[in-house]
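Sequential numbering of the sequence shown, starting at 492, is according to the numbering used here.
Source of the hints: derived by calculation from the structure; they are not laboratory data.
Yeah, the Cβ is synthetic: ideal placement off N, Cα and C, and Gly gets one too.
Don't take each hint at face value.
As the list claims (entries may be wrong) - Here are the computed distance ranges between Cβ atoms for each label pair:
#1 Ser-647 with Trp-600: 21 to 31 Å
#2 Val-503 with Ile-544: 14 to 24 Å
#3 Phe-649 with Thr-550: 54 to 64 Å
#4 Pro-579 with Phe-649: 34 to 44 Å
#5 Leu-665 with Trp-500: 35 to 45 Å
#6 Ser-647 with Val-598: 44 to 54 Å
#7 Thr-568 with Arg-627: 56 to 66 Å
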Amino acid sequence: MCLGDKVGWHIVGMVMKSMFTASVLNLKCSPLMEMTTDIINLFPAKFTTSLMIASRVGTFPFRCEVGLHGIAGMESTFTITQCPHSRPVVPLLNGKVREYFIAAEEVEWDYAPSGTNQFNGLPLVEDKMAAVFFERNNTRIGGTYRKVVYREYKDSSFTLKKIRGRDEAHLAMLGPTPQG
């Protein structure tokens, strides 16, 4: 195929009923569902069409990424060349640049701040089932652990944390959700 060509990949899953195949094109493809991807999932007897614009010169693999399939021979290549009629491919960059300032911070996380089993009301260190996780002695570390949480800051100085709105309260200890 030539640089700039619009190519339609018509792919059918010809595998046993219990198998799943993930075919990989090492170029960005635009499936009919208006998404960009480089992995196409195939199930038995599934047929799919993916549209692509050949945007880089070179030889690229087309293979299955499941288990030993690729090693066993479920692999091929395709080549894109600069042809006399090739036109330069200009990437469609109509996106929006978003900057996020995220830091990984180490905290002491108490997995049971009330110290009480919420089902039976017993203190966790007295509850036979829970004590193994919450008592602290020379063989147990208790219910507070050091972990990393991701926090968003307002700018690159990383001095002012961004305050979450009510719409993000459900994220609790999770980091920010990048928009895109």
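Evaluation of the provided hints:
1. Distance hint check for Ser-647 and Trp-600: the Cβ-Cβ separation is about 27 Å, which falls inside the suggested range of 21 to 31 Å.
2. One distance hint, 14 to 24 Å for the beta-carbon pair Val-503 and Ile-544, holds here, with the actual separation near 22 Å.
3. The hinted range of 54 to 64 Å is not satisfied by Phe-649 and Thr-550, whose Cβ atoms lie roughly 44 Å apart.
4. Range check, Pro-579 to Phe-649: about 41 Å between beta-carbon atoms, so the 34 to 44 Å window is met.
5. Against the hinted window of 35 to 45 Å, the Cβ-Cβ separation of Leu-665 and Trp-500 comes to about 37 Å, which satisfies the hint.
6. Checked against the hint of 44 to 54 Å, the C-beta distance between Ser-647 and Val-598 comes to roughly 22 Å, which is inconsistent with it.
7. Remark: the range hint 56 to 66 Å for Thr-568 to Arg-627 is upheld by a beta-carbon distance near 59 Å.
Comparing the model with each numbered hint stated earlier shows that hints 3, 6 do not hold.
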